[in-house]
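Visitor: Each chain is listed here by its residues.
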Amino acid sequence: MVRIENLVKQYGKLTAVNDLNLNIETGDIMGFIGPNGAGKTTTIRMVATLLKPTSGKVFVDGIDVVADPEAVRPLIGYMPDFFGLYDDIKVWEYLDFFAAAYKLPKPKRAGSIDDVLELTDLTIKKDSFVSELSRGMQQRLCLAKTLLHDPKLLLLDEPASGLDPRARIEIKELLKELRNMGKTILISSHILPELADFCNKIAIIEQGKLVVSGDVDAIIEQCRGGNVLHITLLDRQEEALALLNGMDTISDTKIEDGTIAATYIGEPGEHYSILEQLSKNGFKVTSFSEAQVDLEDVFMKVTRGAVS
Amino acid sequence: MRWFEQHLERLDWPLLTLELRRSRRSAKIFGQMLWISIGFLVYGLLMFAMFAMCAPAVLKVNTNDSDLVVFLTMVIALWRSLFSFFVVPSYSARMISSEKENRSFEHLALTSLSAKDIVIQKAALPIFYSLAITVVLLPLDIVVLAFSGALQYCFVGSLGFVCQVALYTGIGILSSCLCNNTRSASVITYLTIIFAPISSASLWARPWFSLGALNVDVVPQEIDLWLIRVVLSILISIAVAALCFYLAVGKIERLRCSV
Chain H
1 MVRIENLVKQ YGKLTAVNDL NLNIETGDIM GFIGPNGAGK TTTIRMVATL
51 LKPTSGKVFV DGIDVVADPE AVRPLIGYMP DFFGLYDDIK VWEYLDFFAA
101 AYKLPKPKRA GSIDDVLELT DLTIKKDSFV SELSRGMQQR LCLAKTLLHD
151 PKLLLLDEPA SGLDPRARIE IKELLKELRN MGKTILISSH ILPELADFCN
201 KIAIIEQGKL VVSGDVDAII EQCRGGNVLH ITLLDRQEEA LALLNGMDTI
251 SDTKIEDGTI AATYIGEPGE HYSILEQLSK NGFKVTSFSE AQVDLEDVFM
301 KVTRGAVS
Chain W
1 MRWFEQHLER LDWPLLTLEL RRSRRSAKIF GQMLWISIGF LVYGLLMFAM
51 FAMCAPAVLK VNTNDSDLVV FLTMVIALWR SLFSFFVVPS YSARMISSEK
101 ENRSFEHLAL TSLSAKDIVI QKAALPIFYS LAITVVLLPL DIVVLAFSGA
151 LQYCFVGSLG FVCQVALYTG IGILSSCLCN NTRSASVITY LTIIFAPISS
201 ASLWARPWFS LGALNVDVVP QEIDLWLIRV VLSILISIAV AALCFYLAVG
251 KIERLRCSV
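Going down the list, the protein sequences come from chains H and W.
Just so you know, we're using the numbering used here here: the first sequence kicks off at 1 and counts up by one.
Just so you know, we're using the numbering used here here: the second sequence kicks off at 1 and counts up by one.
A couple of the hints might just be wrong.
[Said to hold, decoys possible] The list that follows gives simulated cross-link-like pairs (lysine to aspartate or glutamate, EDC-like), each with its CA atoms no further than 20 Å apart: (1) H:Lys-52 <-> W:Glu-106; (2) H:Lys-103 <-> W:Glu-253; (3) H:Lys-103 <-> W:Asp-12; (4) H:Lys-52 <-> H:Asp-19.
[To be verified] Stretches of chain H that chain W covers, calculated by requiring three or more beta carbons in the stretch to come under 8 Å of a beta carbon on chain W: (5) 46 to 60; (6) 77 to 87; (7) 102 to 114.
[Claimed, not checked] Going by beta-carbon spacing under 10 Å, a handful of chain W positions derived as facing chain H: (8) Gln-6; (9) Leu-8; (10) Trp-13; (11) Leu-15; (12) Leu-18; (13) Arg-25; (14) Glu-99; (15) Phe-105; (16) Thr-111; (17) Leu-113; (18) Ser-114; (19) Arg-256; (20) Ser-258.
Derived from the structure by calculation, the hints contain no laboratory data.
What you are looking at is a predicted structure, and each value in this text was computed from that prediction instead of being measured.
Glycine included, every Cβ here is placed at the ideal spot set by N, Cα and C.
Can you build the whole structure from these sequences, using the hints too?
Guide: Structure below.
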């Protein structure tokens with residue numbers, strides 16, 4: 001659906017996006033992650049035809065976004081991080097305006113407006129003024145507007161930024177519905193655990209360069225680099241540490257807040273043998289668990305916190 | 001006016017419909033201007049009635065039908081100039097710049113509207129309003145000018161007004177494309193209009209033309225001279241307005257790729 005080839009965007013001497021290559025297949029939900037100033041928004045705006053790349057190519061559904069932006073625009077729904085709304089009109093008027101601007105046939109407009117209002121749970125606000133909506137509702141209205149012309153590809157730039165927890169959950173549920181509808185979505189967000197819930201792919205970008213991309217599970221596995229076991233003992237921690245250091249399947253040990261953190265490099269799924277040996281040697285183990293690796297760990301591991 | 005607006009909505013020009021709905025709600029600009037102009041006309045008539053009653057005795061001035069005609073014509077010409085100079089530039093200067101200010105332009109840029117659609121639909125409102133005002137005032141113009149036997153000129157005068165509005169709208173929309181905020185766009189628009197000799201000429205040609213057309217202390221050759229000036233200013237206004245719209249379309253096309 002989206003093919004980005006050697007994409008570069010420069011603002012004077014500043015290189016915002018540097019030789020970026022990325023593929024998004026139809027039906028993918030790709031989380032686009034990176035620190036502030038990494039080039040996420042610039043990349044999304046180039047895909048959305050709102051910025052011209054300095055060099056490189058972007059194809060949406062096989063169409064070059066620079067050569068034929070008019071053909072690309074009907075295929076995409078772009079929701080920016082900051083949404084400029086006309087707040088002195090009613091919700092239905094706002095959607096009617098965009099339905100007309102997307103040149104939806106007049107007889108179909110009312111139906112399309114009702115559909116997106118229902119999807120975004122805004123039907124009861126149809127006759128309210130945009131200015132009367134809460135920020136979360138305005139965000140959903142912006143998403144409703146983005147969906148009006150039934151785009152194949154959704155480009156969502158920080159859709160949950162500035163929202164309270166309830167509004168975030170509502171947006172998350174809405175995005176899950178869109179995933180179930182088969183939309184291809186490129187979504188940037190700082191709230192990494194939320195992305196992990198519904199993205200099947202991620203791309204991490206830093207200083208305009210792609211650091212890592214691929215299936216979420218594969219990347220997490222790749223970043224794990226050995227399972228970290230957390231072991232809590234009743235006493236004799238130093239002795240246990242010496243025992244663990246002597247094992248072939250343990251590569252590294254340390255004590256953190258009274259708990260031993262040991263990196264297991266043996267066969268996956270056989271770390272119970274460590275527990276067995278500790279018990280055999282008379283250690284009183286009060287807890288034994290495998291540390292979970294999530295997107296935040298991956299993000300912290302592969303990025304250095306630098307901005308371009 | 002409401003009837004006029006309802007018919008405009010049938011054009012299915014989304015930006016025009018949006019502007020109509022917004023301006024109607026906020027009761028800004030045109031609604032206010034309509035009432036101001038009606039008030040201005042009534043005030044002018046009252047003032048003239050007072051002048052007509054008091055002046056002969058106090059100032060020893062002779063008032064007759066001709067004076068009334070002169071006064072009415074000047075009132076019409078003046079308020080048209082007020083409308084086209086104070087309302088249209090400030091309105092058209094905020095067309096695209098306000099979109100850029102609140103970042104709604106990036107939503108607009110992704111729609112199926114072409115740059116030409118955006119410019120035409122954004123500029124349509126003041127031009128349609130000026131047409132509506134012309135239609136409303138035409139009977140008054142005809143009555144006033146019929147007194148003086150210069151009826152043939154009232155159509156030229158009305159056309160001049162519409163062209164003047166088109167010119168100011170063109171300058172306004174071009175400024176609004178070039179500026180990122182409404183204030184700068186308004187400043188540029190007014191400066192351009194004030195310093196552009198063409199628009200200034202069309203601005204002051206109208207009241208003078210009206211006076212001239214009434215044949216009040218002006219010989220026929222001078223009337224023809226004023227008529228030529230007005231026709232020329234109309235033609236130049238159309239040409240400059242067209243150039244401004246053409247440049248604005250190009251600028252919007254470029255803006256779409258650099259929001």
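Visitor: Could you run down the list of hints and mark each one as holding or not?
Guide: Status of each hint after checking the structure:
no.	hint	result
1	H:Lys-52 <-> W:Glu-106	14 Å, holds
2	H:Lys-103 <-> W:Glu-253	19 Å, holds
3	H:Lys-103 <-> W:Asp-12	10 Å, holds
4	H:Lys-52 <-> H:Asp-19	14 Å, holds
5	46 to 60	holds (count 5)
6	77 to 87	holds (count 7)
7	102 to 114	holds (count 3)
8	Gln-6	15 Å, violated
9	Leu-8	14 Å, violated
10	Trp-13	8 Å, holds
11	Leu-15	8 Å, holds
12	Leu-18	5 Å, holds
13	Arg-25	6 Å, holds
14	Glu-99	7 Å, holds
15	Phe-105	7 Å, holds
16	Thr-111	4 Å, holds
17	Leu-113	5 Å, holds
18	Ser-114	8 Å, holds
19	Arg-256	7 Å, holds
20	Ser-258	6 Å, holds
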